[in-house]
Amino acid sequence: MPKAPKRRRTEPTALGDAPAHVVADKDDEELALEAALFGGALPKAKSKRRAEESDDDAAEFDTLNDDALFFVDDAGGEGDAPVPAPAPGRKARKKAAWVDEDDEELRVNIAENKRLRKLRDAEGEEEVAGADYESRLRRQYEKLNPTPAWLSQARSKRRKHESDDEEPLGDVLTSTASLLSHARPTSLPPGDLSITRLRDANISQPSSGHSLHSVAFHPSRAVPVLMTSSSDRRVRLYTVDGHTNPHLQTLHIPDLPQPHALFSPDGANAYLCGMAPHFWTYDLQAGGTVYKSHSLAHAGVKSTLIHAISGSGSGGMMAFAGANGVVALVDARAKQSVGSLKANGGVADIQFTGTGTEGNEVTALGLDSEVYVFDVRARRCVRRWRDVDGFAGSTLGASAGGKYLATG
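Residue numbers (this note's numbering): 12 to 419.
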């Protein structure tokens, strides 16, 4: 029996030894998968097609200039809408949750009702729209009920924290203000002063039919007490809270016509004077009717009229303006006269001025609008001039140190 021909044994071909045309038809991912399954080295040669495409792309970019590699698409899409840029320093307001369309047609007469006249911006204004009326009511409410201090401080801290990141360094470098000083400014800012009309301080018990002669606030900021004196020979004390201003006490002195009242610098006593050659000391802490009379006849005040009273900053001395231009100086502690000053005419009002807490000068306003400045220690007039714009002045006000004077 003839033998069968032997088959030729075929040796397996390694993947790396595969013909070039077989490897070239496979991509890199397929070659990597075959190498992981069957073993063998991953061929370094890439597919011929991918290599040709890479060479073509590289050659194309080599021939381009730098300005042709990129371009800015400023045409925008068809549905793109322009976005308005927010104004610097202005936050976007929240949209109202509900809007009443009837407010546009509503008209409110703010001239007929007396309580609504305070909402007018001009004297001849009569009717306003509903939305404007609402905003004015809100503005008036914020005036009567201001924002609490704790909320204002929290908002200011948040704004300060936000502005620290946004404020440029140039604003700090170009400013002449001190970076470490936190003291309050000693002068008023230039421009107009914002004044808010509040309820009358004596609304709980007004002096109806009688004129007021003096008004004085308690020297301590922690004690919101106001003292008034009127022609009905009564001195009244009120707690000023800006809302109800309740009445505290009324002091009636029948022997004191046309009284004037002044707090002592420590706020423990009140000094009272009027059309009599003496004054009274009222103890506020003891209450009741504990007061004492002190004569001023030996101080040269022989007339029965005292126009004004003033006290020095430290409370060591008081001054009483009497008739015929006599100003009596009294030691506030001993309640004894220490001297007197003399003006040419009648004195309408007086104020302690000068540097220091003691107040080494007394400024007096005459009934003929003549202003006198007396040295308390020398007991003589050191300066004198006439208020050219004044006529029959009755009130004098002085700033701390006497740098500025106001007459009226």
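Do not rely on the hints blindly, as some may be mistaken.
[Claimed, not checked] No more than 30 Å apart at the CA atoms, straight line, and that leaves these computed lysine-lysine pairs for DSS-like:
| hint | residue 1 | residue 2 |
| --- | --- | --- |
| 1 | K168 | K106 |
| 2 | K168 | K125 |
| 3 | K154 | K129 |
| 4 | K154 | K168 |
| 5 | K37 | K106 |
| 6 | K414 | K353 |
Think of the hints as simulated: they come from the structure by calculation, not from any bench.
As the structure is a prediction and not an experimental result, all values here were calculated from the model.
Hint by hint, here is what the structure shows:
no.	hint	in the structure
1	K168 with K106	holds, 25 Å
2	K168 with K125	violated, 40 Å
3	K154 with K129	holds, 12 Å
4	K154 with K168	holds, 23 Å
5	K37 with K106	violated, 63 Å
6	K414 with K353	holds, 23 Å
Hints 2, 5 from the list above are not met by this structure, while the remaining hints are.
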